[in-house]
Amino acid sequence: MPAPRVAFVLGTRPEIIKLSPLVRACHRREIPHTVVHTGQHYSESLDTVFFEQLELPAPDHNLAVGSGTHSEQTAEMILGIAEILSDEQPTDVIVQGDTNSALAGAIAASKQSTALGHVEAGLRSFDREMPEEINRILADHVADSLFAPTDEAARLLEAEGIDADRITVTGNTIVDAVSQNLELATRKSTVLEEYDLEPDEFYLLTAHREENVDDPDRFAGILGGVGEFARRTDRTVLYPIHPRARENLAAFDLSVPPSVRLVDPLGFLDFLVLESSARLVITDSGGVQEETCILQTPCLTVRDTTERPETVDVGANRLVGTEPSTILAGADEMVSRDGSWSNPFGDGTAGERILDSLL
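If you count the sequence shown from 1, position 74 lands on 74 in full-length UniProt numbering, and the numbers rise without skipping.
Worth double-checking, as some hints may not be accurate.
[Stated by the list, open to error] For each label pair, taking beta carbons as the anchor points, the in silico distance ranges come out as: (1) Q112 <-> E201: 35 to 41 Å; (2) S357 <-> S325: 27 to 33 Å; (3) E52 <-> F126: 33 to 39 Å; (4) E30 <-> D215: 46 to 52 Å; (5) L262 <-> D347: 35 to 41 Å; (6) D196 <-> E52: 51 to 57 Å; (7) S325 <-> Q89: 53 to 59 Å.
If you are wondering where the hints come from, they were derived from the structure by calculation, not from laboratory data.
Ideal Cβ placement from N, Cα and C applies to all residues, glycine included.
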């Protein structure tokens with residue numbers, strides 16, 4: 001067999017974070033590898049800054065794909081990734097999650113008969129209107145090695161007819177990333193002082209998914225429900241707002257409640273400190289559902305479905321949709337949770353398990 005050479009394909013903040021333990025493990029074990037950044041998040045504040053903050057080397061390739069329709073983005077990525085794979089001839093391509101970058105990497109690898117590993121395989125929201133759901137299903141079914149974060153994810157893959165010998169339950173690399181970076185974040189971040197926040201005395205909001213921020217009624221419902229809960233409990237909500245969401249506020253002429261404080265997107269270390277210090281996190285992000293569960297911070301998910309049901313099962317998270325009344329009821333319930341649930345995502349060694357399985 002040829003000596004292993006791994007190509008990581010990524011393009012968004014969650015992918016950078018969740019693949020960072022694998023990249024670090026390759027460095028530590030002296031496994032040749034290359035990092036291909038698609039540029040799916042084209043704002044420097046949303047992507048390349050994370051490499052610096054996480055003390056990772058800059059990507060070897062940056063396709064700088066940027067904005068465009070889902071089809072345009074994915075097509076341009078496939079062409080660029082295919083050219084790099086043809087030049088570099090890796091033995092394995094690794095993609096993570098459910099983004100257009102993951103789908104493009106999966107298609108490019110399959111067309112060149114390069115072994116494909118899918119990290120965080122088997123997640124399902126069962127909502128096929130979500131582009132992410134289609135991406136993760138396609139990546140799973142074309143992958144040679146499927147690295148499921150939980151036994152439930154593995155069960156769902158087998159139920160779809162995927163051979164059990166292609167599936168390995170590894171835990172979730174977000175546990176590795178949180179473990180590796182929390183101490184660094186606590187030592188380096190001054191975000192609480194910068195925004196004059198006291199631990200356990202504020203709420204944190206993230207809302208960026210298309211089905212929420214591109215829909216004026218759903219976006220208004222989130223802002224209204226969260227703002228009213230903050231007003232009733234006399235606390236501030238900090239909302240690091242995605243550029244597209246900020247643009248939509250103006251386009252839809254939506255008002256932001258006085259209790260909701262908009263700030264620019266934050267780096268992972270600052271955000272990790274906010275997640276660990278907040279009394280309650282309200283989100284539509286799958287990754288944030290996991291991170292808060294690991295950090296023992298109560299979470300409220302403003303979506304109708306979730307591909308992280310384990311967080312709900314252990315009591316760390318509640319799914320409430322976007323109606324203000326259900327947000328208020330859910331927040332009333334979750335804000336008093338004490339964080340004593342068990343972590344369903346593994347012991348922080350998922351990255352090493354994935355490499356061991358590959359090699």
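Supplied distance hint 46 to 52 Å, evaluated on CB atoms of E30 and D215: 48 Å, holds
Mind checking the hinted window 53 to 59 Å against the Cβ distance between S325 and Q89? 57 Å, holds
Cβ-Cβ distance between E52 and F126: within 33 to 39 Å? 38 Å, holds
For the hint 51 to 57 Å, verify it against the beta carbon of D196 and that of E52. 26 Å, violated
The hint says 35 to 41 Å between L262 and D347; measuring C-beta to C-beta, is that right? Because 37 Å falls inside the window, the suggested range holds.
Given the range 35 to 41 Å, decide if the beta-carbon distance of Q112 to E201 lies inside it. 53 Å, violated
If you check the beta carbons of S357 and S325, does the distance land in 27 to 33 Å? Check failed, 46 Å falls outside 27 to 33 Å.
Checked against the numbered hints above, the structure breaks hints 1, 2 and 6 and satisfies the rest.
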